[in-house]
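With the hints as constraints, model all of the structure from the sequences given.
There are 2 protein chains.
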Amino acid sequence: MSMMTRIEQALSQPFMVADSATAPPRLMAAMRHAVFPGGARIRPQLCIAVAKACGEDAPDLTNAAAASIELLHCASLVHDDMPCFDDADTRRGQTTVHKQFGEPLALLTGDALIVLAYQTLARAGARHPHRLARLLMTVCEGTGTPDGIVAGQAWECEPRVQLGRYQRAKTGALFVASTCAGAQAAGTDPEPWRRLGDALGEAYQVADDIRDVMGADQLGKPVGQDAQHGRPSTAADLGLLGAVDYFRKLIQSAVQSVPACASREAMQQLVLHESERLLPQSACDQIAVQHAASQRRAVA
Amino acid sequence: MSMMTRIEQALSQPFMVADSATAPPRLMAAMRHAVFPGGARIRPQLCIAVAKACGEDAPDLTNAAAASIELLHCASLVHDDMPCFDDADTRRGQTTVHKQFGEPLALLTGDALIVLAYQTLARAGARHPHRLARLLMTVCEGTGTPDGIVAGQAWECEPRVQLGRYQRAKTGALFVASTCAGAQAAGTDPEPWRRLGDALGEAYQVADDIRDVMGADQLGKPVGQDAQHGRPSTAADLGLLGAVDYFRKLIQSAVQSVPACASREAMQQLVLHESERLLPQSACDQIAVQHAASQRRAVA
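One line per chain: the protein sequences are A and B, in this order. Sequential numbering of the first sequence, starting at 1, is according to my numbering. Sequential numbering of the second sequence, starting at 1, is according to my numbering.
Watch out, some of these pointers could steer you wrong.
What the hints assert, rightly or not - Quick partial rundown of chain B residues pointing at chain A, CB under 7 Å, derived from the structure:
#1 Q100
#2 P104
#3 T145
#4 P146
#5 D147
Quick caveat, the hints were computed from the structure, so don't treat them as lab data. For every residue, glycine included, the Cβ atom is placed at its ideal position computed from N, Cα and C.
Given below as structure tokens:
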């Protein structure tokens, strides 16, 4: 079974239980709209890849961990798109949940997806009681307070923000949860995998900042949001060229951090493939050309 | 230690971990605002009382279960108060979270409290691995889909609603989770305690409907909201007198449902005390007098 098929099956599973005859049909439709069709599913990919690298022996638990993290990611997208944050009309090329189903259902869809994530972990965890608590802690740490994605988003509501802390929490935290949960689902120590999640997560956020400024987002999101909402941004802080340099350093660090294991090379390929998807080489070249041209204009 | 002191301590515990130096200060303040000072804390009271009745042997786990359920309840209040639902200015006699901290932080506060609830369970559950998964399932079932409080709230967004299903989910589900989690935290079968939570939860919702119509709410909430938002309501369905009758039957059923145990009488007293708090006898008398007067006017 391909990685993507495995992920989509793992994500469908929780809906079979949640979507009983007694569930409110519009809520269930909104929840599905938020999760399917998905984006690159990079977090569950990472989680499963790490579990395999750690000698996966409980694929049902890996699947539950991977699905729970993607459900939490989808929940955060639904809430971040709402009018009080981005007020976005589109996401992944389709209508956002609040535009399609209204604000009240969008609010509840996010809440219900968060709970569904933990329900998914609980169900698989019943068969692996000695792995459940630590796995659950890892997923909670990636999501909540003090340093998870919800806390990351909340930094946008603070008068003073450290860019690094904001980005590590807003995006990095759930990447760290993805790699660490993969190791824990396989019953192994998560620590050697923390740096991979951390570096890739920060790279992801930096690429997002760059695309937001370049106005050439292929991920189906509106652009120019960071400046419009006065949000901290690497592109604003370091300039486009500086941000691209920093992105490359982070990808290098992610590649080098992969611990020695049978699938080290495959894992490094996954990181490089993701890097090209996030910020294609052609876009980097374009930024360099534009920068050189503006330097020439400044000299002339 | 008194029951209320125990509950407040159990609720303070998660904040000590969540509120590290790296957490966004305004988010943490908003989360505390949502949880302290509390209301009657009836759900954690129920949870702890049932655990004791079941021969509690792991008070740390009971405390975590009780706290997690109250945190989920507080999260639901924060989101229900937001402009896209009740647009309430006050709650428990103080400013609502979105009025005090703004909509973005209110949205994130609800999310962060949901995650904190599961984090609290995970931390205590690590010491009781063979109870964690089932406890977690119970708490998730009370909260999410298909029949938890989020699903209950979502019934308000459906074109057709069954009043009973709506109320059981909207309020009853977390009461059922409270009694069942109490039994499970003590390592016993939750089923004998389901009816108590179910009946008390429905009674709670019926009392809420009655108070909303009477315009005499002492719980610090605005009144007349059900009619204004076209929400299903027992008071609208059965009339005030019919709703009061139904409320009394539910309390009777809750009292009778308490299984044989050493603390049966104390538990029944807790139910009757709660009943009086929810809908004082004086209010019932007032409704009966008003009804008789309107009957006389109709005859004349």
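Note to self: Let's test the interface hint: is any C-beta of chain A closer than 7 Å to that of T145(B)?
What the structure shows: holds (4 Å)
Margin query: Does the closest beta carbon of chain A sit nearer than 7 Å to the beta carbon of Q100(B)?
Written below: violated (12 Å)
Check: Is the interface hint for P104(B) satisfied, with its Cβ closer than 7 Å to some Cβ of chain A?
Finding: holds (5 Å)
Check: Holds or violated: P146(B) as interface residue toward chain A, Cβ cutoff 7 Å?
Finding: Since chain A brings a Cβ to about 3 Å from P146(B), closer than 7 Å, the hint holds.
Checklist line | Status of the D147(B) interface restraint (C-beta, 7 Å, chain A) | finding: Interface hint status for D147(B): holds (5 Å vs cutoff 7 Å).
Figure legend: structure checked against the earlier numbered hints; the only hint not met is number 1.
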